[in-house]
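If you read the protein sequences in the order shown, they are chains A and B. Letter 89 of the first sequence, counting from 1, is numbered 88 in numbering that gives the first Met the number 0, and no numbers are missing. Letter 84 of the second sequence, counting from 1, is numbered 83 in numbering that gives the first Met the number 0, and no numbers are missing.
If you are wondering where the hints come from, they were derived from the structure by calculation, not from laboratory data. Treat the numbers as computed from the prediction; the structure is a model and nothing was measured.
With a Cα cut of at most 30 Å, we get these calculated DSS-like pairs of lysine-lysine: (1) B:66 <-> A:64; (2) B:206 <-> A:65; (3) A:64 <-> B:262; (4) A:64 <-> B:208; (5) A:123 <-> B:149; (6) A:62 <-> B:206; (7) B:208 <-> A:65; (8) A:65 <-> B:66; (9) B:262 <-> A:79; (10) B:126 <-> A:123; (11) A:79 <-> B:208; (12) B:206 <-> A:64.
From the derived model, a few chain B residues whose C-beta atoms are all more than 10 Å from chain A: (13) 20; (14) 30; (15) 38; (16) 43; (17) 59; (18) 71; (19) 72; (20) 76; (21) 77; (22) 81; (23) 92; (24) 110; (25) 128; (26) 260; (27) 274.
Where a beta carbon is used, it is the ideal one built from N, C-alpha and C, also for glycine.
The chain contents come next:
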Amino acid sequence: MFKVKILVILCLANTLFAQISVDDQARFEIRKTNVLAKKSDKSIDENYIYEVVDDRFAGVVPKTKKISFSNYDRFEILSKTRRRVALNDKNMRAAALRDVKDLLPKEVGDSCAVTAVNLEYEQKDNGNPRVVASSVLLHRKIDGISVRGNSFINMEYDSDGNLTRFDMRWPKYQKRTVRSRLSVNEIQKSHNELLNQRVEIVNKDIEESKVAVKGKIKKSYRTLSSIKGSMGEEYLIPSVTYVGSFNGNDDDNEIPIVIDVPMDESIIPQEKAIASKW
Amino acid sequence: MVKNMKRMLFLILFVCSFVCAQRQGLPSLFSVGGFAVQKYEANWANEFPGGEDGLNVLVSSMERHIKDKYPSVDLSSTKYFNSAATRKNFLDAKTNNLNFLYYHGHGNANFITMWDKYQYVYNTQKKFKNYWVMLVACNVFRNGLRPDGKTPYSNQDPWFDGVHSILGFASIVWGGTLSRSCGFLNLSTCRQHSWDMEEEFAERWIKNKETIWSAFKYAVYNQLYDFGDKYERNKPYLKGIIPKIVYRYGKINGVSFEPYEEKFENAYQGPIFQNNYDGIASRWVTYGTPAYED
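Next comes chain A alone, as it looks inside the complex (with noise of 0.2 Å):
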């Protein structure tokens, strides 16, 4: 425990400095930093992975038609619900969570949150826009933390908020004790060198588009992100997912960004990396 409390310790500085590495050089920066530091309070005790076991949700959703696609299955609602609510933020969060809760068995309901709402427009001749539908989207949490990729719900919702189909993947996975190959150091420079590369990608991007002005990190989570092993094999690592925006040159709009970093990627195991060379 003292270990991780050093590494933490270490990381949040490390992460400080490459804040400042990145001003001098980018559009896009890093800031508010100290979110990290605080989630980071509840840090890892041990290194732990999980190891994809089983692709498909096994269980059944009553009153729904059930069609598999290669890598989720659709649920299209047979008997829809008669619900008459505004399509608004507030609104599609309490019915996705809701709809969840009635239609999915309860260890599903219990391991989810609403991650984004999104809402779809509709502009006759010269009216104002109305919002005529809406889709939730949300996440897996394991041992409380969200997983980013790989295992969601998406809800889909008419234009007076009821459910017409939800698109799902919920794997099986089993949790794994890794060991880390790298010392703490090595660990926060790879951390911290990802999250460089990755801002570097962005800052080339908008370079390149000529239709960005600056951006911004805004936050940063702890999370549970994919990753594939060379095999092929997919495992989810803990990771630090960090959300941000930034506007073009000629529009007021915030646009989201979000990158995830793994917190050590060496974790991955090294037996099936290891044969997939030979």
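Given chain A, put chain B in place with the hints provided.
Showing chain B alone in chain A's frame:
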């Protein structure tokens, strides 16, 4: 005599109601193609990566799914890349023969840019007669009002002359490939391609039989934005984007029709709403900024 004439008139009207009705279904020939301006003459505009692959992937994916699902439909394609993607060629009447017309290049409210130096095509200069058009260009259908507070940024109706719907963007658009190190000890390279959007659009619209708008908005969401890594590509980052569909609406064969709902296998054949229509409409999606609990 009068009775016979009435019968004859009724028969003519009855037959005409079938003959004159706009047919819905599959086309006997489906032609797809378009213009990809990835590089510009003497670099008068910045390179916009992903255009050549976008056009190639769209055409090959559509053809593959049509061959699989609807083998009786004949196919043809036409592609104009870079120096062939001129203003003259774009405005040429023969582009109207394409059922699905694709464009990839720079744009802004009400115009797109062509290969030739300082050559633009404005909404008042091209009236689409194709069934469907996709404009992968920034801000052509930008929302909101200009600084005068009265004039909308984009005026969409002038583009229409029979085209069922036009797919485009009310925001900036991104193209190309993102590469990064990944995998064990960062020894592998992971790549994300913007033209996965065109591929997923074709798959959803033709193979999965979704409506044109549903196919487009989710293809954009999954491939140009983010969708919880549905396609397992471990994307390095995501960016906001606003896909938009624009269409005229009204009645066809006496039935109300809004072309955002059009499906490939049940599409109206021929131009629609050239003269008689109720108005113009559009739909767009704003994707919420992800927020996680921890």
